Amino acid sequence: MSQTKMPSARQRRLRSWLFWAVPAVLLLLPLATNPYTQFIANGILISVLVTLGFTLVIGNLGQLAFANTAFFGIGAYASAILAAKLGVPWLLTIPLAGAFGALGGFLASSAALRGIRSYYLAIITLAFGELMRWAYLHAKPVTGGTDGMPMPRETLLGTSLSDDTLKFYIFLAVTVLLVKATLNLMRSRFGRAVMAVRENEVATASLAIPTARVILVTFMWSGFVVGCAGALFARHVGHVFPESFGMLHLIASFAMVLVGGLGSVLGAVLGAVLLTALPEYLRAFPGMEELFFGLIVAGVLVAMPMGLASLLRRVSPIFVERFYREAP
Amino acid sequence: MKTFASLLAAFAVSASPLLAQDDAWETQGLTDDAITIGVMGPFSGNASSYSKALIGMMAYYDKVNAEGGVHGRQLVAVQEDTACDSAKGLAAAKKLISQDEVFMLQGNSCSGVAVALRPTIEEAGLPWIVAHAVSDSISDPLAANIFHGVPTGRANGRAMAQFVLSKPDTTNVAIIEHSNDWAHSYSNPARDYLEEQGVTPSLELTMERGQTDATAQVLKLRQEQPDFIIAALYEAETAIFLRDLKKYGMGDIPVMGTAGTDLENTLKRTGDFDTVKNYYVIHSYVDNLDGPLMQPWGDMIHEYYPEEELSTFSFVSIGSAEALVAALEAVGPELTRSKLMAALEEVRDFDTGILSDPITWTPEDHQGVKGSAVAGFVDGEPTVLKAWGQPY
Amino acid sequence: MLMQLTLGGLSQGMIYALIALSLTVVYRSTTVVNFGHGDFVMAGAFLSYVLVVLAGVAFLPAAVLAMIAMFVLGVLFNRGLIRPVRGGPHIGLALMCIAAGYVLRGIARMVWGREVLPMPAVFDMQPIFLGNLVITGDAVFIIGTVLVLLLILFGLLAMTDLGKMIQAVYQSPRGARLIGLNVDRFNDFSWGIGAALGALGGILVAPVSLLHPDLGASFLIKGFAAMTLGGFGSLGGAVLGGVLLGLAEQYAGAYLDSALIEITAYVVIVAVLFIRPQGLFGRKAVVKV
Amino acid sequence: MPEPLLKIRDLHVGYGKKPILRGATYDVLPGECLTLLGANGSGKSTSLNAVCGFVTPTSGSVLFDGTETAGLPPHKIFGHGIAQVSQARDLFPDLTVEDNLRLGAMRRGGKALSQTLAHVYDRFPRLAERRRQATRTLSGGEQQMVAIGRAMMSGPRLLLLDEPSGGLSPQFCEEIALIIDALKAEGVTLLMVEQNLNLAFRAADRFIVLRDGAVVDGGDVRAMAGDHDAIVRNIYL
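Chains as they are written, first to last, in the working numbering: chain A, 1 to 328; chain B, 1 to 392; chain C, 1 to 289; chain D, 1 to 237.
Everything labelled a hint here was simulated from the structure, so no lab data went into it. The structure presented is a predicted model; accordingly, all values stated were derived computationally and were not measured. Among these hints, one or two may not hold up.
Stated by the list, open to error - Listed next, the in silico EDC-like pairs over lysine to aspartate or glutamate satisfying Cα-Cα at most 20 Å (straight line):
1. A:K140 - C:D214
2. D:K18 - A:D147
3. A:K140 - B:E204
4. B:K220 - C:D257
5. D:K17 - A:E199
6. A:K140 - B:D192
7. D:K76 - C:D184
8. A:K140 - B:D252
To be verified - A few chain C residues that don't get close to chain B, going by computed Cβ distances all over 10 Å:
9. R79
10. A158
11. T160
12. L210
13. A252
14. F274
Every residue gets a Cβ at the ideal spot worked out from N, C-alpha and C, and that includes glycine.
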């Protein structure tokens, strides 16, 4: 394993300064966008959260769980049902949707904790996601069935919540908060325990680290982050349909995780930005998306298995994440 | 930071150009020699076969352009892909409206996407003619700028149920459908109409997309022996269902299908006349797809898209394109968005020569097509029908 | 009705069995679960369509040619794309398979465009009526083809030296190296066989269903469910699991609710993994911690 | 001194970036049994795996009867007449004893097979009794017999034995020594890794001590008779 330089104290200060500088600059973004590009920017923020949640489980914890689209759908439906049926203000539904997502994470982790791992976990979580989608379709009184659930019109500070600029600030705040919280979590002792579980679960258990709890909490936090993203998505599109939570979207977030770098928070952000924005540039070639995604993923796997994050950390130690080790 | 953000939000909101319906807005996307029209459709993804509808429509634009355009202006289609996905569709709409700044929109195939688009397009205020998607909630309740140019689900579903009940002594009706919005948009209004007439469906079955076998469903039907079956299934599953129905000796029960299928292709698919001889479909056209009245339209599509395989979708949005051109003609050279919408609301009993029912848009009702014919085999020949045994 | 459902379930189940078997062949030799397998199934159907409809080849030779082509594709995929990432985590392998499937689907979409294609009927035979029971040509053809194929395959595995060598590679790749077998070549061979068998599944359903680029997605899940039910990694289990799944779908659809047909596979996966993770015949699916 | 059957020169092997063998150099003479000694991690098993091709050397040379085999894939090296009995035995658990044995000769095939098989059954009558049983049902000792028998089936010129006594009873160690004697009598050359010094010195002609991936000591077993302590010290200190 190549020795990666850890950042010096000065570089760490620079890094935390950079962390806040990026969203600060982004505050000005709406001045440079039109409603279309603003909409895409909002979508990118959602992708960042989905990818972040996904990478925690498959990258950091090393579990092959495909339940993320399920968490996303659960969050979106929770938000829509709470807002449309129970009149909860949408802003409040974000943490609640996160809580439902965490519940989904709890269910998925209960499979992992029963010893269902690797491909079995992948397959059972895949089935879980499809069962959820079936439930959205058939629980018509609650979910609106195939017609989906429209989000109620709402205003905040006198501005309609259908306004993409207002949405952007809310999305940005939620994203920054959750990314920061995730970074802090992964830099803590808990984060090291997560890494230890990935490297060697048996050995970790013998070190008196409660591996079961580590797995449970990681899954639930992943569910929470993605559930919140689901609430944002409900508002982003304004209408929740079962079709939005199919396999196609799962695979897109897969590619984002991979291109960014498995298990890297920075990579999750980069992958999400890149692969959400790129298809918009490819609009001129409809139908090429699958080919394009397939080739990108295959190419990255062969040429750059640890993704963009591994490139960046070679550029400067600022981009080194202590909790993210390159695979042996 | 929160306050800072909200301050900025307020600033950004006030800085963004309010969609005031001023002169510039009225003629956005318009030049002396071109009208740009945003055409959204599922040009990729697993619903891409529906985008055939938009090909027919754009071929019609080409034809109009070849004849000199409308008041000297060419109809310029700007295509955007929705992939039948709501988020992607919204991005497409916002791109067309705010980046490409098209004059108006015409198109859309997937109902779910169209429903999701409605608030955005309604707010933007530019004219939108829905040329293929059938969901009623796209145009009901009324939105000033949204016009429905095809029979909606309600019109189709009622037409299906009406036809079913027009067969003498029909009391036992079964329904088989996909569990998706497309199928429900047909089956729900059909159910409503049946209930109005005092008929409760005796059996409700689902068959999902991708299933290659309908044994379980067909055996249930065999026990029930209905007089008529309403089948809201896609092309592939329709063929499988009809084939299994015949296999199990129930080929004599008539089946009522949606506009998503047609007789000719279903016959081609099953490869066996006996299998489809009792199949009826919603057929919103004046003639069979290969009949003399449709022939010129097919030729028109092939003139501009020589490779295009014709199907029932290919013709569906040409009618609303005709109505659009008529309204543009009526407005005259001084075109604005408001004038166009006013002209569209003047369209009355517009005979498109292609749709079986005329288009009528009034200020109170933008669902332009209220009914549909049905096609079925009569004496071995595909025939357009008004009601059971009644040629169109 | 029970008999009829059983027949329908058998003929569906045979297809699932074939797909589960082809997944298992690859899994046993390389411990890779091919998450792109559905698209291999689709590619098989597509190729046979191209040969039959566009090139005018008769169905049988077309099917053989398509299977040979898919065999080659499977070998090339293993050599070119799976081997370079084999040392890495499972996730990379799963992703590589998904990526390959995506490329296949993308190509199909490009060639196919917006058309939904009908395959000409091949087993056109008047159904036989046995009292209430209807026996159709395609049921006979599908069940017959798969049964013959299974007999040949399992016969080869149990009776011949080649079969013994394949079993050896499955049971202990290191042991196989110790007796001088070229394990890499056997792995290539397994990928080829897996791809060809999956393709046969597609070829068999092609005349029954219509062809579209998304044909494979549902078969992948059915294959997983059959494998899980039979016991992951067990060849015989995959076959039995497939047949049982086909029957379960029909029974659930007829006696409970036809909306359940779609989720039978998912319910089977979740239930089996929670209740009896080793399936009916397999080794334990769980990791001991 | 006869020309060595196996010549290992300056062999370097590493797993990832961690070096295991660092310039090991030694010979195996035809017809002898050479045993490799050394502490855990000194590179004994890695030596065997490098000879039979399971790991690829980063540099250095492995000459077998004049042919360079370093870098060849295992099945090619096997074809030259090098077989290994691995520590884990790596049998095919669900196949019968006879199938396991027969598979050992797959690369040779032909008529010799039934003769060799009879020969192996002669040597291990217990295996003949259990020929139809799946090997996973056998005891550890019997499994070791299958493993050795399977390796013999290919008629190897050089047999690599990795911990043949591992996990077996003391009585069985004596049996293994007898087997090694018989193999030598048939002209098979042996390269062995063995922790059990009694067995090592009972069966081997020469020994080599590896430390940190290089040869530090070696000699004739008979010359060292009775003085195991010096070697043990050399190995572990």
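A quick look at each hint next to the structure:
no.: 1; hint: A:K140 - C:D214; result: violated (26 Å)
no.: 2; hint: D:K18 - A:D147; result: violated (60 Å)
no.: 3; hint: A:K140 - B:E204; result: holds (16 Å)
no.: 4; hint: B:K220 - C:D257; result: holds (10 Å)
no.: 5; hint: D:K17 - A:E199; result: holds (18 Å)
no.: 6; hint: A:K140 - B:D192; result: holds (17 Å)
no.: 7; hint: D:K76 - C:D184; result: holds (12 Å)
no.: 8; hint: A:K140 - B:D252; result: violated (34 Å)
no.: 9; hint: R79; result: holds (31 Å)
no.: 10; hint: A158; result: holds (32 Å)
no.: 11; hint: T160; result: holds (34 Å)
no.: 12; hint: L210; result: violated (4 Å)
no.: 13; hint: A252; result: violated (8 Å)
no.: 14; hint: F274; result: holds (24 Å)
The structure is inconsistent with the numbered hints 1, 2, 8, 12 and 13, although it conforms to all the rest.
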